[in-house]
Amino acid sequence: MTPVPRVGDEARASGWDRSTDPQKDPALIPDPATTEVPAELRKTIEEAMALYPERRSAAIPALHAAQKLHGWCSPQAIEQVACVMQVTPAYLDSVASFYDMLENHPVGKHRVYVCTNISCSLRGADALLAAIGEAAAEDADFNVRPFECLGACDIAPMASVDGVYIGPLSIEDVPQLLDDARSGRPVLPDKQLATRPVADPHANSEQYPAHSLEQGSSR
Amino acid sequence: MTDALLFKDIDEPGLNTLPVYEARGGYAALRKALAMTPADVLAQLEASGLRGRGGAGFQMGKKVSFLPQGSMSKYLVCNADESEPGTFKDRELMQKNPHLLIEGIVIAAHAACAERSFIYIRGEYELQASILEAALAEAREAGYLGERILGSEHACLLVLHRGAGAYICGEETGLLDSLEGKRGNPRLKPPFPANQGLYQGPTLINNVETLSTVPAIMTMGGERYAELGVQTSTGTKLVSISGHVQRPGNYEIELGIPSREIIYGLAGGPPEGSEIKCWFPGGSSAPVLTPDDLDVPYDFDSLANAGSMLGSGAIIVVDDSTPIVDLALKVAMFYRHESCGKCTPCREGTNWTVKMLQRIDAGQATPMDLDIMASVQEHIIGNCLCVLGDAMAMPIGSMIAKFREEFEAHIETARMRANLTPPPVPADEQALLAHGAS
Chain A
1 MTPVPRVGDE ARASGWDRST DPQKDPALIP DPATTEVPAE LRKTIEEAMA LYPERRSAAI
61 PALHAAQKLH GWCSPQAIEQ VACVMQVTPA YLDSVASFYD MLENHPVGKH RVYVCTNISC
121 SLRGADALLA AIGEAAAEDA DFNVRPFECL GACDIAPMAS VDGVYIGPLS IEDVPQLLDD
181 ARSGRPVLPD KQLATRPVAD PHANSEQYPA HSLEQGSSR
Chain B
1001 MTDALLFKDI DEPGLNTLPV YEARGGYAAL RKALAMTPAD VLAQLEASGL RGRGGAGFQM
1061 GKKVSFLPQG SMSKYLVCNA DESEPGTFKD RELMQKNPHL LIEGIVIAAH AACAERSFIY
1121 IRGEYELQAS ILEAALAEAR EAGYLGERIL GSEHACLLVL HRGAGAYICG EETGLLDSLE
1181 GKRGNPRLKP PFPANQGLYQ GPTLINNVET LSTVPAIMTM GGERYAELGV QTSTGTKLVS
1241 ISGHVQRPGN YEIELGIPSR EIIYGLAGGP PEGSEIKCWF PGGSSAPVLT PDDLDVPYDF
1301 DSLANAGSML GSGAIIVVDD STPIVDLALK VAMFYRHESC GKCTPCREGT NWTVKMLQRI
1361 DAGQATPMDL DIMASVQEHI IGNCLCVLGD AMAMPIGSMI AKFREEFEAH IETARMRANL
1421 TPPPVPADEQ ALLAHGAS
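Same order as they appear, the protein sequences are chains A and B.
The opening residue of the first sequence carries number 1 in this note's numbering; numbering runs sequentially from there.
The opening residue of the second sequence carries number 1001 in this note's numbering; numbering runs sequentially from there.
For the record, the hints were derived by calculation from the structure and aren't laboratory data.
Every residue gets a Cβ at the ideal spot worked out from N, C-alpha and C, and that includes glycine.
Check each hint, because a few of them may be wrong.
Cβ-to-Cβ under 10 Å is the rule here; a few derived chain A residues that face chain B [unchecked claim]:
1. Val87
2. Ala96
3. Met101
4. Ser119
5. Cys120
6. Leu150
7. Cys153
8. Arg196
A short list of chain B residues far from chain A (calculated; beta carbon distances all over 12 Å) [unchecked claim]:
9. Pro1019
10. Pro1038
11. Ala1039
12. Glu1141
13. Gly1382
Bound-form chain A, shown alone:
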């Protein structure tokens, strides 16, 4: 039996048992005079900091913005954010390594998060993830990854493609999904969550389109 690492990389606490180089000095707060920060990014971060009583609260919005620009939380991205926020790069590293949506390695520009939590996996999410992963394996532009519950179990199995919720998905939808994302078209417009009416048949009065019950039966 191959030994299992004590805490696998699956866990949020990953890396806690890895050592660092004690010979290296910790990075200091970057000097604004020598650190170049794109003007747009600087503006976004400064605006975010102004919203809170303490500037550190802007760490996540700032890292989101830097990731959008750089593609991931690269050392350069972290340094730029650290420079504007006047915090150490290590502090931002600790934040960036905690959250699932902040990437610590270079990834493809199209995010495909496939929900593999309980409700979605009961309806075939694991096969869906495998199919998307296989179809996009050759394309470095895609960042396909399993994700914990995305909060859309009503459209299970589902995926979030570049932030847009789509479902219920079947294996047959996969080529179209990837094609749409590649070409920048709206991805599977008929299956987007945004257009879906509420399931509760008693919610809407008659003048608004009530949810047509898919199975054709009512209470």
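With chain A's structure known, arrange chain B on it following the hints.
Frame of chain A, contents of chain B only:
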């Protein structure tokens, strides 16, 4: 069924914009509340008996009353980090009726005398965040938010904060750390957030659905709201149903109706030809119930008496085609991934539970492992700063207790399968065998 309070005409076109929301009487409850003193608004909330809709079910009015009096900076935080598996009610509310939430926050902030409020929305809800951001801009423009709301003395500054993907940030103190810009690690309690929360100030934290109910309470009065539902679980509740049902989705129900009516009546029950094996009544953290419990009334206390909990109101139905070991493994893997790693029982307990379940599936376990696994669950409960570990231990423990025979059968068949296909012989041993045979 009484009229829907939260979902009333929720698909009305343009409801997410201010003109449509105002046209149907929106923000009238806020005007009414601003004409009252904070104490009077609080009295209405207490009279309503409204219990928190996020998971713990704590009375909202009581929570507000715990905030200390005085002129210090107080905060209100709306928990929109909806990430309990199976829960998706807040998503629909925020996407379709964002002003209802904003109105609820301003009224609750008035009752709590909090000048600064935050909505912490999970990072994955990008559509909902953009809709809320647009609604906030409209509300600021119209004077419902800002330094002097509607010309009164009261201020309400409301900021939308996007998270970045972490279940633990739905835990109130983990959320506060995350909102302060740190890793979302839960804090030691006490002090409770009502005394020392965000930026060390007294903080009121409530779920989206709880706050969205506040305008209805102001409009109809706390006592009339308390007539809905049952005595200790008042009002209506949004229920998210998913898994093996024919019509998954969000439904607004009056608390106290039989669970069967929700699962079979509203959601259509499991697909034809299959039976319910078990169901989670309140998200994946709730101990599972069996078909025998289908007639339990769907309210806080009845579900607690049945050995589970209402939680966030997320029903996940699992039919008899699913092996219980697979289900347990899915649950355990989720909590292992989401454990922040701060407390040992949770970090190690979730990890070992996953490994033991994998061992069962690989045919390397014995029936004794079930007792060990059950004891691991018992040692997690109550031994951590927050309840994430408990949230795995409770459902896993209930699965082992209620489906022990299936676990034992799974162990046996997996062992037999493993014995039928012996592990491959390593190359050096193969050479030895070949040498010995010649």
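A quick look at each hint next to the structure:
1. Interface hint status for valine 87 (chain A): upheld, as the beta-carbon distance to the closest one in chain B is roughly 9 Å, under 10 Å.
2. Satisfaction of the interface hint for alanine 96 (chain A) is found here, the shortest Cβ-Cβ separation to chain B being roughly 9 Å, below the 10 Å cut-off.
3. Nearest Cβ of chain B to the Cβ of methionine 101 (chain A): about 4 Å, under the 10 Å cut. The hint holds.
4. For the restraint placing serine 119 (chain A) at the interface with chain B, the shortest Cβ-Cβ distance is roughly 4 Å, inside the 10 Å limit, so the hint holds.
5. Hint status for cysteine 120 (chain A) relative to chain B: holds, with the closest Cβ pair at about 9 Å, below 10 Å.
6. Given hint, leucine 150 (chain A) at the interface with chain B, holds; its Cβ is 5 Å from that chain's nearest Cβ, closer than 10 Å.
7. About 3 Å separates the beta-carbon of cysteine 153 (chain A) from the nearest beta-carbon of chain B, less than 10 Å, and the hint is met.
8. Annotation: arginine 196 (chain A) was flagged as interfacial toward chain B, and the flag holds, the nearest CB pair being 9 Å apart, inside 10 Å.
9. Interface exclusion of proline 1019 (chain B) from chain A stands, the closest Cβ pair being 17 Å apart, more than 12 Å.
10. Every Cβ of chain A is farther than 12 Å from the Cβ of proline 1038 (chain B); the closest lies at roughly 22 Å, confirming the non-interface assignment.
11. For alanine 1039 (chain B), the condition that its CB be more than 12 Å from all CB atoms of chain A holds, with the nearest at approximately 26 Å.
12. Against chain A, the non-interface label of glutamate 1141 (chain B) holds: every CB pair exceeds 12 Å, the least being about 17 Å.
13. For glycine 1382 (chain B), the non-interface assignment is confirmed: its Cβ lies about 21 Å from the closest Cβ of chain A, beyond the 12 Å cut-off.
In terms of the numbered hints stated before, the structure departs from none.
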